[in-house]
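Student: Here the protein sequences come in this chain order: H and P.
In terms of the working numbering, the first sequence opens at residue 9 and continues consecutively.
In terms of the working numbering, the second sequence opens at residue 1045 and continues consecutively.
Source of the hints: derived by calculation from the structure; they are not laboratory data.
Since this is a predicted model, take the numbers as computed values, not measurements.
Incorrect hints may appear among the rest.
[Unchecked claim] On the chain H side, residues computed to face chain P include the following (Cβ under 10 Å):
#	residue
1	V12
2	S17
3	Y40
4	N49
5	Q50
6	G51
7	L52
8	L54
9	A62
10	T63
11	K66
12	Q109
13	V111
14	F113
Ideal Cβ positions, reconstructed from N, Cα and C, are used throughout, including at glycine.
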Amino acid sequence: AQSVTQLGSHVSVSEGALVLLRCNYSSSVPPYLFWYVQYPNQGLQLLLKYTSAATLVKGINGFEAEFKKSETSFHLTKPSAHMSDAAEYFCAVSRRNGGYQKVTFGTGTKLQVIP
Amino acid sequence: NAGVTQTPKFRVLKTGQSMTLLCAQDMNHEYMYWYRQDPGMGLRLIHYSVGEGTTAKGEVPDGYNVSRLKKQNFLLGLESAAPSQTSVYFCASSVRGYEQYFGPGTRLTVT
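One chain only, chain H, in its complex shape (with noise of 0.2 Å):
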């Protein structure tokens, strides 16, 4: 089986300060890993994603996240956060199930950013 939480269902931060949102997953083998962004009244757009290359992965709009196989966790950064990235985030995992790879959605984290 395969899960995806994230830790803060919402998450504010000040304009210019670090953005960090968590995601940790569990998976019986190594998944794939994405994060997706949702800006109000639009679908889903990918932000980044991990395929088992470099464990750092650089997405869009100055976004990464790290893959820490150990800590099982795959967390969203950003160095300084702008008006423009408040959003909902979705982490997703990707694994190979049966015929088909099964992709499996967080439950999100609304991102708030304070002029």
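Keeping the supplied structure of chain H fixed, place chain P upon it in accordance with the hints.
Tutor: Relative to the frame of chain H, chain P by itself:
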């Protein structure tokens, strides 16, 4: 490329009415998915398809049916709408189940 498109964008139904949501993708992706999104519950998979002519149940399939007669289209049907089906519905597609590309969503209200 239009990517993934969904029709309609908004819909209001009365309890017991039926409707079909259309998803179309122009990326030649094999996999397609239907999700519903409700506050605090993230995305829940309704049905998915791993290729033309195939469909399978996801996490919350009850009350919904799907068809994938053409590779580029994935239809979601509600035969008898219930207020519990009030939600935002997202379609997505992917190459073999890896990163997914999402449509803009359909906001459905059942009164």
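Student: Does each hint hold? Answer for all of them.
Tutor: The hints, checked one at a time:
1. Look at V12(H): its Cβ gets to within about 9 Å of chain P, closer than 10 Å, so that hint holds up.
2. Because the closest C-beta pair between S17(H) and chain P is about 7 Å apart, less than 10 Å, the hint holds.
3. Annotation: Y40(H) was flagged as interfacial toward chain P, and the flag holds, the nearest CB pair being 6 Å apart, inside 10 Å.
4. The closest approach between the C-beta of N49(H) and any C-beta of chain P is roughly 8 Å, which is under the 10 Å cut-off, so the hint is satisfied.
5. Among the interface hints, the one on Q50(H) holds; its C-beta lies about 6 Å from the nearest C-beta in chain P, closer than the 10 Å criterion.
6. A cut of 10 Å between beta carbons decides the hint on G51(H): the least distance to chain P is about 3 Å, and the hint holds.
7. Among the interface hints, the one on L52(H) holds; its C-beta lies about 5 Å from the nearest C-beta in chain P, closer than the 10 Å criterion.
8. The closest approach between the C-beta of L54(H) and any C-beta of chain P is roughly 5 Å, which is under the 10 Å cut-off, so the hint is satisfied.
9. Against a cut-off of 10 Å between C-beta atoms, the interface hint on A62(H) is violated, since the closest Cβ of chain P lies about 16 Å away.
10. A hinted interface residue such as T63(H) counts as satisfied when its beta carbon comes closer than 10 Å to some beta carbon of chain P; here the least separation is about 18 Å, so the hint is violated.
11. Because the smallest distance between the Cβ of K66(H) and any Cβ of chain P comes to about 15 Å, over 10 Å, the interface hint for this residue is violated.
12. Contact between Q109(H) and chain P, as hinted, is supported at the beta carbon level, the nearest pair being about 3 Å apart and thus within 10 Å.
13. Interface restraint check: V111(H) against chain P, minimum CB-CB distance 6 Å, threshold 10 Å, status holds.
14. Checking F113(H) against chain P: minimum C-beta separation of about 5 Å stays under 10 Å; hint holds.
Of the hints listed earlier, those the structure fails to meet are numbers 9, 10 and 11, in rising order.
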